[in-house]
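Peer 1: Protein chains in written order, with my numbering: chain C, 482 to 791; chain H, 66 to 385; chain R, 2 to 319.
These are calculated hints, taken from the structure and not from any lab test.
Here the structure is a predicted model, which means the values were calculated and not measured.
Some residues of chain H that are not near chain C, with every Cβ distance over 10 Å (derived):
#	residue
1	V84
2	D140
3	E205
Derived list of chain H stretches under chain R, where covered just means 3 residues or more per stretch with a C-beta under 8 Å from a C-beta of chain R:
#	region
4	300-309
5	318-332
Glycine residues also receive a C-beta, built at the ideal position from the N, C-alpha and C atoms.
Now for the letters of each chain:
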Amino acid sequence: MIPFILKRLASILLTFMTVSVIVFLMMHAVPGGPFDGNDMPVSKEVRDKLMASLGLDQPLYVQYFKYMWGVFHFDFGVPFQSPGETVVELLARAWPPSLILGGLGVLIGASLGILLGITAALRRNSWIDYLASAFATLGLTIPVFVISMMLILVFAVWLGWLPAKGWGKPNSWILPITAYAMIPMATYARYTRSAMLDVLNKPFVTVLRAKGLSERRIIFQHVLRNAALPMVTVFLPMFIGTATGSIFVESMFRVPGLGAYFVSAINLRDYPLEMALILMITMMFCVAYLLTDIAYAMLNPRIRFAGNTR
Amino acid sequence: MRLLDVQNLTVSFAQHEGVVQAVRGMTLHVDAGESLGIVGESGSGKSVTCMAALRLLREPPARITADRLTLGGTDVLKARGADLARLRGRVAAMIFQDPMTAFDPSFTIGHQIVETILAHRPAAKSAVRTEAQALLTRVEIKNASAVLNSYPHQLSGGMLQRAMIAMALSCRPQILFADEPTTALDVTIQAQILQLIKEVQAEFGMGLVMVTHDLGVVAETVDRVLVMYGGKAMEQGPVQAIFDAPAHPYTRALLASIPGRTSGRQRLVEIRGASPNPANPPTGCPFHPRCALADARCAAEMPPFQSIGPGRDAACWRPQ
Amino acid sequence: MTLPALELRHVSKTYPLKTGGGFFPRYSDLHAVRDVSLILPQNKILGLVGESGSGKSTTGMMALRLIEPTSGTVLVGGTDITALDHAALKPFRRKLQVVFQDSYSALDPMMTLAQIVAEPLHIHAEGSPREQTEQALAWLDRVGLDRSYGSRYPHELSGGQRQRIAIARALILRPTVLVADEPTSALDVSVKAQIINLLQDLQAEMGLSILFISHDLSVVRSLTDTVAVMFNGRIVEQAATEAIFTDARHGYTRSLLDAIPALNPRDRRQRQFLTREQIEASTPRLAARDLAHPATPSDIPQLVAVAADHRVEAIVTP
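Here chain C stands alone, though its shape is the one from the complex (with noise of 0.2 Å):
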């Protein structure tokens, strides 16, 4: 185990230093610079100097190196659309707000999910099983801004149970993260289904039964685990999304998270902040991907105990 992991961080050392240098370059090939815009109308000189004094005047291999030099001091510079903070304190202030929601909504999610495509499962084709089904499949369709929109409207307005938008108090937190669960949830619900039903129809467990085990025992310590097997391959990675931190749902709701940076560092064409961020994501995947890995070794002897065969 422990060479597989040592291999797999050194691919993704590479596998973040390949990003960042075509990150790197395609952010600078795309025409035009942070001062280009209309709304800062500056004169030719003032732009030549505020470019200079940024580094953006030096050749771009010194400014890929500079920059990743700081990257690995952590120090990722100071975001153009925001200079009174570095990138490293502006994270610092709006992911907290993304994690929470998209972590909460991830697990809450996943969880509901996983036990509605439990029971869809186990009654197969029963009323439950059609229930979940629609449920899902209206999860996954219906965009999630109409699904916050709704949710707005019927709480916020309608029964004015809960604040339509804001990230103060916990009652705040509970729209937006019901509205941002629901990709996960009806997700998790078919796969789960169809993991489940997949493992039911194998042999071994007709001859479980066969043995004379309860069917609870079958179903919780042999389906279940044998089902997880590819639900943990989706798992992690579907975690990443909370580091873009659904723009919708926080547009909608007004949460100070990360997700409208994405998009503004492009169009500000804010190098630092879009570095960051990508880099940032890149590093997440990786590590999502290692620790899928690692929880599937465990589950599955077949890849455990790879070369050792008789």
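Given chain C's structure and the hints, the job is docking chains H and R onto it.
Peer 2: Below, chains H and R without anything else, positioned relative to chain C:
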């Protein structure tokens, strides 16, 4: 009291295209200590009969009805959840055709044998593990303790089948069902497994139901034979009598078509035609479209399964 | 003397197996097939018998170059095809055809039966599309299926019927050699007989040579002219079929024959079984002068002729 008493068993499956009658009116029995071979081709309903006896079929779409279906005296059709679980593994155990898919790939062999024992008899885990190891040794697995800790994918088909037998024996069942246990195995392993099954059957004093399509398996292993075709019983009798003097034309044709009985290249005796479609079985006797002796009555009316001599039954209008 | 339809000379297949080690994995060799030489004469059926792991299927695949031999030569009608590239090999593909055990996965479920059977003609550009279809239907008839089946799909057929389609497809190009890898193992008893008879009839009609790979000795006895027995990647005995069944010289062959179930209950018996090590140790020891063809004495087992057409792997003593 008969160990297994089946009278007029019918099993049908509700499919999209219609109702499929896998077993139609089967009657059979097994007494303590005796072995019965059920011979038939694919689609004859032999495996379904076995599975129905332990109610291992998903109901629905399966529908099981019978005048009588008892296992060790207990009415199988009336048994509910926990009673059924008590029957399975303890009164009757079953071994299956493909040992590679019969085990849960995520758990060791040892775990799966131990859980079987613990499901029926609470005991200390370590004591049960010792028992499991002894069972593995009894089924001629040489490094039993290593196998206990192995996962299914690490073992060969022959080893897994032995482990499955050990698992089936772990609760001392009164009757063992074996559904084509050697079909997926090499010929030398097959011979070893069959011999093992016979030995443990005698040693544990169990009844045995051996389902197979291979007449050689039957010749080697069982006391009595039941021949099935098209979901119905065609003939039944002591194994020697069936081989020496088959009464039903199907049995005779089956025996004649076995390859390799005489030396040299030769044309084999064929049974022309194909097996009946369970969704749409022929009227009357299911074998009549392929039978050399069939007449109008065979096509119209199903012959009853009745005695044609001491210990012998057949369903034929023209038994020989 | 006419050239054999198919010949394998000292063919071997080795696979590298990873045997552990983290950053710098170690490999050892798995000898799936070791120095196998076979001759399939024209118009004959050769049975290749063995259990799983014996290498018989790998040998069959190497004869077709569906698996590339690690060493050795494959000759078809006297011509060495071992090193031919794709273009040069294509005309030989017409002469070498194959039928597999699992007829279900051997047929494309999206194609009709007529299309499946006609496909080889299409690949080798023989005839117009109408002629190809006509030929395909004629072959359906020849293998015992009604021509109306042409528009049906594989999933509508039984196992035996699908195998007939596979045979029709294999023979439509009139090959000289057919490699049949366990074609009857997945079939019911009564259907086995039908397929075996079909193969025999077609073989006689077309002058086909068949390499029949099987673990079922009973089937082999009724079908083949000669038999080669494989164990652990090597041939341990080869002779005319009856000689194998009545005069087997190698311990493994004998144990295979012993394992065949009785044909009648009165012949049932208790058996002793040999372990793998015991089988390896049971290599017969033969004196050089008793052999039909001379061989040098050696401690290493080698294939020697004990009679005109009977070879056995043995340790030759002076």
